[in-house]
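Novice: Sequence:
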Amino acid sequence: MSEVAEFSSKNIRTWLESETSSIFNPVHAKAQKLLDEMRKTLDNLADSSRMLLDNSGKEIEKRNMKTHGRAKALNKLARLFLERMQQLKIPELVSYDSVSDFSQETQKALLVTEVDIRNWFPRISPFFILDRRKFLIVFEKTKELLKELIDFVSKEYIKTKTLEDTFHYVDELRTLEEQLLNIDGQKKNAENEKASIEKEIAETQQKMVYLKSKGEMSQLNQIGLEMEKLRREVKHNLRHLKKPLIKFQRLTFHKGGLTQEESRKLDRYIENPFDAFATEEVECPILKQILRKMSIAMSEGKLKLKRDKKRKAEQAIEDILHKNSLISLYQKCASVTVQRKRLSTSEEVVEAKSDLSDLKKQLEDLERRKEIVEAEENVVDRSYRETMEKIQDHKKLIEKNAFDFTGKRLQIE
Numbered sequence: 248m249s250e251v252a253e254f255s256s257k258n259i260r261t262w263l264e265s266e267t268s269s270i271f272n273p274v275h276a277k278a279q280k281l282l283d284e285m286r287k288t289l290d291n292l293a294d295s296s297r298m299l300l301d302n303s304g305k306e307i308e309k310r311n312m313k314t315h316g317r318a319k320a321l322n323k324l325a326r327l328f329l330e331r332m333q334q335l336k337i338p339e340l341v342s343y344d345s346v347s348d349f350s351q352e353t354q355k356a357l358l359v360t361e362v363d364i365r366n367w368f369p370r371i372s373p374f375f376i377l378d379r380r381k382f383l384i385v386f387e388k389t390k391e392l393l394k395e396l397i398d399f400v401s402k403e404y405i406k407t408k409t410l411e412d413t414f415h416y417v418d419e420l421r422t423l424e425e426q427l428l429n430i431d432g433q434k435k436n437a438e439n440e441k442a443s444i445e446k447e448i449a450e451t452q453q454k455m456v457y458l459k460s461k462g463e464m465s466q467l468n469q470i471g472l473e474m475e476k477l478r479r480e481v482k483h484n485l486r487h488l489k490k491p492l493i494k495f496q497r498l499t500f501h502k503g504g505l506t507q508e509e510s511r512k513l514d515r516y517i518e519n520p521f522d523a524f525a526t527e528e529v530e531c532p533i534l535k536q537i538l539r540k541m542s543i544a545m546s547e548g549k550l551k552l553k554r555d556k557k558r559k560a561e562q563a564i565e566d567i568l569h570k571n572s573l574i575s576l577y578q579k580c581a582s583v584t585v586q587r588k589r590l591s592t593s594e595e596v597v598e599a600k601s602d603l604s605d606l607k608k609q610l611e612d613l614e615r616r617k618e619i620v621e622a623e624e625n626v627v628d629r630s631y632r633e634t635m636e637k638i639q640d641h642k643k644l645i646e647k648n649a650f651d652f653t654g655k656r657l658q659i660e
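Residue numbering for the sequence shown follows our numbering, starting at 248 and increasing by one per position.
Treat the hints with caution; some may be incorrect.
Said to hold, decoys possible - Simulated DEER-style distance windows between Cβ atoms:
id, residue 1, residue 2, range
1, 291, 250, 51 to 59 Å
2, 632, 258, 22 to 30 Å
3, 361, 250, 51 to 59 Å
4, 447, 600, 15 to 23 Å
For the record, the hints were derived by calculation from the structure and aren't laboratory data. A quick note: this is a predicted structure, and the numbers were derived from the prediction, not measured. Note that the Cβ used here is the ideal one computed from N, Cα and C, for glycine as well.
Whenever a hint applies, use it, and build me the whole structure from the sequences.
Specialist: Laid out in structure tokens, this is it:
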């Protein structure tokens, strides 16, 4: 296996130029020579068009009725030829694509001009015969030179197109590597910014934890946990009364039977059993009064329940009304509610809550900033991967094309 030469993107072009100069330089030089010749002949063709324009213009000024119409036709035609030639631009940088595009545009212009000549020159006869002949000589020479240029492009220049493209890929590779450096810098900046924000988030969360665990805030949080436990306990104890109370609410809404206070309390028991229960007076008089009236409605058949649900509801009512089964739970609920209210309004807790509110807003702000940075980071990561893929593709293509032209294996680091 032949030895593999290693190159960087900075020196591969110099090596490739030296290795392929014997192939590329003569072709490139001939392309330049043909373009220079085309420039001269197109200038000559433009001068010939001006000659037709000037001479026909002079004839128009003579107002000779015999030649006036033909002179006007030639004048208009010559102006069209001149505009057409002036639109053709010789490429400043010689490349296969630029020369090929130029030859195709010139071919189109000459083809249209040839149609105009075929259609209009016979109509101008026999006048301006010498002028037309001079123009046609230059025109035919231009066609011949264009044919030579097109043949060169299609038969000779095409062979080195891949090599020319390879030089272009080398230039693109350098540009892509510079882009990658910039993207890498953006990537590091995004990572640093994200790390900084995460540090701020951690510090803010730590401050919030400290405030919640400090003094009366800690007691308030502890009461909050105890209250949640009691909420579940109240819900459990009243579970067999939930559906009956809802049905009783509908019944009394349509047919009455409850005082306004009882009706409001019934609504609260359905919506938030703990709050309704904890804010009762000692021994829960309103709840008991509601349950007595509901028991009567059940016994009279006004409140219909399935047998099993009715049995469980009756048992729950019996325990509450006659066995005071909820007294101990009520005392706990009322106690924590009073404690919570007292602590919630203390100066220390009010100040801590204000600080926590500020920290919460700060935390939300930081989280939003983190999301934005992460979105930017994702865009940069995708751009980094795509640029890396393009760099690798360019390297492989350059290595393959270089081998095809030189027979030498190389690797671009």
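Novice: Would you mind marking each hint as holding or not holding in the structure?
Specialist: Structure-based check of all given hints:
no.	hint	verdict
1	291 - 250: 51 to 59 Å	holds (55 Å)
2	632 - 258: 22 to 30 Å	holds (27 Å)
3	361 - 250: 51 to 59 Å	holds (57 Å)
4	447 - 600: 15 to 23 Å	holds (22 Å)
Against the hints set out earlier in the document, no violation occurs for any number.
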